[in-house]
Amino acid sequence: MRYARRAITILTLTALALTTGCSVEKDGGDNGTDASAQCGGGKDFLIGMSQANNAEPYRQVMNDDVSTAAKAVPGFRVVVSDAAQDNSKQVADVENFLSQGINLLIISPNEAKPLTAVVKKAYDQGIPVIVLDRKVEGDAYTAFIGGDNVAIGKAAGEYYAKTLLPQGGKVVEISGLPGSTPAAERAQGFREGIASNPKIEIVATQTAEWLREKGQSVMDAMLKAQPDIDAVYAHNDPMAEGAYLAAKAAGKETAIKFTGIDALPVASGGIKAVEQGRLQATFQYATGGREAIDLAKKILVDCSKDVPKSTTLGTMQITKDNAAQAYTELGGKQ
Amino acid sequence: MNPPNPTTVAASPPETPPSRRAIRLPKDRHAIVDNFFRFQSLFGLVAVFLIAIAVSPSRNGENVFLSSGNLANIVRAVSEIGIIAVGMTFVILIGGIDLSVGAVLGLAAVGSATLMVDSGLGIVPTVLIVLFIGTAFGATQGAIVARIGIQSFIVTLAGLQAARGIARMWSGGLGIPIAYGEGPQEAPEAFSLLSGSINGVLPVPALIFLAIGVGALLVLRSTAFARHVYAIGGNEKAARLSGVPVRRVRVTVFAISGLLAALAGIIHAGQLNQGSPNDGAGYELDAIAAVVIGGTSLAGGSGSMGGTIAGALLLGILNNILALNNIDANVQLVVKGLVIVAAAALQRLRPRIA
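Chains as they are written, first to last, in my numbering: chain V, 1 to 334; chain S, 1 to 354.
In case anyone wonders, no lab produced these hints; they're calculated from the structure. Careful, some of the hints might be misleading.
[Stated by the list, open to error] Ranges between beta-carbon positions, derived for each pair: (1) LYS43(V) with LEU349(S): 46 to 54 Å; (2) GLY277(V) with GLY120(S): 32 to 40 Å; (3) LEU177(V) with SER242(S): 51 to 59 Å; (4) LYS320(V) with SER68(S): 39 to 47 Å; (5) THR68(V) with ILE53(S): 28 to 36 Å; (6) ILE327(S) with LYS320(V): 38 to 46 Å.
[What the hints assert, rightly or not] Okay, derived cross-link-like pairs now, EDC-like style, lysine to aspartate or glutamate, Cα gap no bigger than 20 Å in a straight line: (7) LYS113(V) with GLU189(S); (8) LYS120(V) with GLU189(S); (9) LYS89(V) with ASP328(S); (10) LYS71(V) with ASP328(S); (11) LYS252(V) with GLU213(V); (12) LYS170(V) with GLU213(V); (13) LYS113(V) with ASP328(S).
Built from N, CA and C at the ideal position, the CB exists for glycine as well.
Make the full structure from the sequences, and use the hints.
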């Protein structure tokens, strides 16, 4: 079988020679450098929205927010791409936007490090870049807009301390994916929020990895281990809904109170769950889509040079009292 | 002993034995039809290329699709899948399949990042070790297929899980960023050339794909190894009886696939400045799609390397032109599915007409 061996040797050597031996120069920002069109009113602008993963409802709502807000600005046209959670695909998406000659880039990066170079390439070509939700490294972008998960967790904690369990009680926490920043921050903020009421006790913490079905199975187990739970603090709405289903199967859904986070204005989202009485409350994690278009308008139409480098979005507490109104306000379709 | 009918199997793709009906066709018409199917993917590539030019948006009077920057983006974007697809072609030609390549790519990307950043190795030892890991992984799968006789679908499905698991354990589950420089925890600057271009025109990954593709094309055209590959895919029993070392060819073919997946993983890490254990998910399916569009039969024994290269480029152009025209991401998936089915359907027509 020396032919086989020869074949594999040839391939290995070629591969090696090519990965190690060649001398080439690094890419600079080259093609399409006619920068962004001049700013000003009454002009047409093409905005590229590079999304990390349309399959997540939160990101779909973010796309919808961007598109809806842009429709209200004369001259704005938005094109959306979906990287389907693939860093390479998102790099290619941005490259394609640059080929098309977009006037402004909005990007919600899949991961920071792999997208940093292509975002810098756009920025260096003079295209304003607005980064949403997840950051990139360095400062080669125009503005970052994102939520504050510690503040959201704290708002939830304060609601528990003052409104939901003023007399104290036993709380179980269903947390997001271990190792993810939002999960850590929502846990930390909640503990700061309930600190003012020492009678509230977190009796158990289990992860359900952001998933509704895992929320259900985790709650099944906790109902057996913890006989008298007063409330469930879930790091997002789907896990809270899953926990509610488990409690309902055990006939305890009225004895236990459930809260979530995210408050997406969609039929399967947390606001509807609050309106329909399954959850006591949910806390909005804003997409930043509308704020991004506001900034884009300032940059492109109003020619503003002075936009904030970083914007932190606030949260909204949603209970039965304001659920219907919030749903409409946040752009939900009936 | 020689493999059966060596003159036929040496050609790529090998001609199917003419049926009675085909013989009755006028000779020149037969040749035209046969050549059409033989170079089906090349015609497809040219057709898609021309359509792309026609439907491309223009910017400042320039055709966006044809701009050099855009063409460079296309070849850069297809190079990883293309390199994997070259290895996949060998596997599919013997009637096998390799589902582990995407996960091996992730493992290789993690390996490249860890060895350079955490272990402080230079580029050459890193590349050698990572290529060895990929080759050994592929060879192990090939040995299990050849010795124990489990179907390659199952073995490489298990391999996919294992490679993904090893990559996550090695990296601690998170992407390992690659920073460049001389200090500790920094990779040699030269590694970032993988994301560069030659004269700012030809991206380095595309050049590697081109070289691997041409190399594999030559191997498949003119070596005894290639004749063995076609012979096993055509009729394994006959191949074994005529003295083809079936087991060794099997192991070799899976080793090549693993080697090329690892090479693609190194390029991946260099392009994205990161080795993430989750990268490369689903790449095996894109590679299989490129092979199928290239006219290689999943049943084995018939197909060509040129077809695979054309198939990979066709997919890349398709992705690009759909994106340039801002076709909705969900519609893009449907269009890609239709193209794959159309290519496979053309293949089915072939033995009936030609």
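Structure-based check of each hint:
| no. | hint | in the structure |
| --- | --- | --- |
| 1 | LYS43(V) with LEU349(S): 46 to 54 Å | holds, 52 Å |
| 2 | GLY277(V) with GLY120(S): 32 to 40 Å | violated, 59 Å |
| 3 | LEU177(V) with SER242(S): 51 to 59 Å | holds, 56 Å |
| 4 | LYS320(V) with SER68(S): 39 to 47 Å | violated, 60 Å |
| 5 | THR68(V) with ILE53(S): 28 to 36 Å | holds, 35 Å |
| 6 | ILE327(S) with LYS320(V): 38 to 46 Å | holds, 42 Å |
| 7 | LYS113(V) with GLU189(S) | holds, 16 Å |
| 8 | LYS120(V) with GLU189(S) | holds, 18 Å |
| 9 | LYS89(V) with ASP328(S) | holds, 15 Å |
| 10 | LYS71(V) with ASP328(S) | holds, 17 Å |
| 11 | LYS252(V) with GLU213(V) | holds, 18 Å |
| 12 | LYS170(V) with GLU213(V) | violated, 23 Å |
| 13 | LYS113(V) with ASP328(S) | violated, 27 Å |
In summary, the structure is inconsistent with hints 2, 4, 12, 13 from the numbered list given earlier, while agreeing with the others.
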